[in-house]
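Student: Sequence:
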Amino acid sequence: MSLTNTKNLHTRGILLLLVITLIWGTTFPVIKQIMVSVSPMALVAVRFLLAALVFTPWLRQVNLPLLRDGVLLGIAYLASFVTLTIGMETISADRAAFVLSLNIILVPLFGLFLGQRLQAIAVVAAGVAIAGIGIMSWEGGGLSLGDLWVLGSAVSYAVYILLLETATPKHPPLALTAIQLAVVAEASVLWAVPEIMTQLPAIAAHWGQLMYLGLVVTATTTIAQAIAQRWVSAHETALIYTLEPVFAAVFSFWLLGEQLSGRGLAGAGLILTAMVLSQSQPFITQWLGGAARSEALEEVTEDAKQPSEAPL
Numbered sequence: 001m002s003l004t005n006t007k008n009l010h011t012r013g014i015l016l017l018l019v020i021t022l023i024w025g026t027t028f029p030v031i032k033q034i035m036v037s038v039s040p041m042a043l044v045a046v047r048f049l050l051a052a053l054v055f056t057p058w059l060r061q062v063n064l065p066l067l068r069d070g071v072l073l074g075i076a077y078l079a080s081f082v083t084l085t086i087g088m089e090t091i092s093a094d095r096a097a098f099v100l101s102l103n104i105i106l107v108p109l110f111g112l113f114l115g116q117r118l119q120a121i122a123v124v125a126a127g128v129a130i131a132g133i134g135i136m137s138w139e140g141g142g143l144s145l146g147d148l149w150v151l152g153s154a155v156s157y158a159v160y161i162l163l164l165e166t167a168t169p170k171h172p173p174l175a176l177t178a179i180q181l182a183v184v185a186e187a188s189v190l191w192a193v194p195e196i197m198t199q200l201p202a203i204a205a206h207w208g209q210l211m212y213l214g215l216v217v218t219a220t221t222t223i224a225q226a227i228a229q230r231w232v233s234a235h236e237t238a239l240i241y242t243l244e245p246v247f248a249a250v251f252s253f254w255l256l257g258e259q260l261s262g263r264g265l266a267g268a269g270l271i272l273t274a275m276v277l278s279q280s281q282p283f284i285t286q287w288l289g290g291a292a293r294s295e296a297l298e299e300v301t302e303d304a305k306q307p308s309e310a311p312l
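Numbered per my numbering, the sequence shown finishes at 312, counting up by one with no gaps.
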């Protein structure tokens with residue numbers, strides 16, 4: 001594959017991940033409205049069951065390697081949702097957003113154990129992004145049990161992103177998505193059956209919103225992520241996902257009338273700065289290379305101008 005095609009695919013992957021993050025940003029006001037009458041686990045179970053049903057036809061393509069990778073992805077995906085749900089029962093969504101954003105550091109650190117290189121610009125961009133989310137979301141105070149649960153979610157999702165990076169080149173994305181969603185749906189439904197049975201009227205009342213969460217926010221973004229990570233590295237993916245609280249703040253302002261404070265705007269600005277930094281590595285390398293070539297050319301020119309010594 002030519003360098004131009006590789007760059008084009010990388011750009012497409014970045015744009016696809018931005019769309020995914022934009023869609024995720026809409027979930028905050030939707031979930032806030034649903035959870036008035038539907039419990040968190042019932043919501044997760046219905047959401048993933050709807051998403052898994054969409055991909056049922058592709059389960060016929062299962063083979064042993066695909067099953068292994070799909071189950072591992074499903075377990076990591078499920079662990080991230082379960083720990084986040086438990087943690088958010090005792091801490092606010094803003095605080096959870098900050099703790100969850102730590103996966104942006106965990107992804108490149110875990111990648112070191114897989115032999116991946118850690119670029120300096122990636123570390124700088126990650127630090128700027130975490131500072132931005134901290135300004136937007138962190139409320140202060142000591143660590144609580146809820147924080148530790150959400151930290152577990154950050155660890156699980158970092159593992160999920162790295163597993164997906166290695167699995168996507170080896171398997172058809174539709175079949176891989178089908179297996180992991182089936183794993184999450186089955187486990188979450190078994191866990192939430194008692195709550196689902198007692199909340200059927202509330203679930204029916206929010207059916208349209210649940211369909212949106214299941215079919216668009218979960219099914220569509222899961223397959224889109226599997227496609228995008230064929231072309232975008234794991235640490236870039238984690239960094240792009242830090243835009244989620246920015247999009248969530250925008251949609252909360254638009255749909256719920258919530259205000260974005262000056263602190264929120266400052267944090268959003270830092271996150272956007274981190275996005276620019278993360279994509280600046282090729283330009284920095286090119287600039288440094290150009291500067292080095294110019295310096296070398298100047299030295300050659302100066303040497304050519306100097307008169308050579310006369311032979312003895």
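By construction, these hints were calculated from the structure, which means they are not laboratory data.
Note that the Cβ used here is the ideal one computed from N, Cα and C, for glycine as well.
One should not assume that every hint holds.
[Stated by the list, open to error] DEER-style ranges, computed between Cβ atoms: (1) 9 <-> 144: 22 to 30 Å; (2) 198 <-> 9: 46 to 54 Å; (3) 12 <-> 144: 39 to 47 Å; (4) 197 <-> 119: 26 to 34 Å; (5) 90 <-> 198: 16 to 24 Å; (6) 191 <-> 144: 41 to 49 Å; (7) 15 <-> 37: 32 to 40 Å; (8) 216 <-> 4: 30 to 38 Å; (9) 230 <-> 191: 45 to 53 Å; (10) 197 <-> 89: 40 to 48 Å; (11) 169 <-> 37: 19 to 27 Å; (12) 202 <-> 115: 24 to 32 Å.
Student: Against each hint, give a clear statement of whether it holds in the structure.
Tutor: Hint-by-hint comparison with the structure:
The supplied range of 22 to 30 Å is broken by residue 9 and residue 144, whose beta-carbon atoms lie about 43 Å from each other. Separation of residue 198 from residue 9 is about 48 Å and conforms to the stated range, judged on CB atoms against 46 to 54 Å. One distance hint, 39 to 47 Å for the beta-carbon pair residue 12 and residue 144, holds here, with the actual separation near 41 Å. As the Cβ distance of residue 197 to residue 119 is approximately 51 Å, the hint placing it in 26 to 34 Å is violated.
Look at residue 90 against residue 198: about 22 Å separates their beta carbons, and that is inside 16 to 24 Å. Between residue 191 and residue 144, the C-beta spacing of about 23 Å breaks the proposed range 41 to 49 Å. A beta carbon spacing of about 37 Å between residue 15 and residue 37 agrees with the range 32 to 40 Å that was offered as a hint. The given range of 30 to 38 Å is respected by residue 216 and residue 4, whose C-beta atoms sit roughly 33 Å from each other.
Residue 230 and residue 191 have their C-beta atoms about 32 Å apart, which leaves the hinted 45 to 53 Å range violated. Remark: the range hint 40 to 48 Å for residue 197 to residue 89 is contradicted by a beta-carbon distance near 21 Å. Between residue 169 and residue 37 the Cβ separation comes to about 43 Å, which falls outside the hinted range of 19 to 27 Å. Between residue 202 and residue 115 the beta carbons are some 49 Å apart, a value that contradicts the proposed interval 24 to 32 Å.
Comparing the model with each numbered hint stated earlier shows that hints 1, 4, 6, 9, 10, 11, 12 do not hold.
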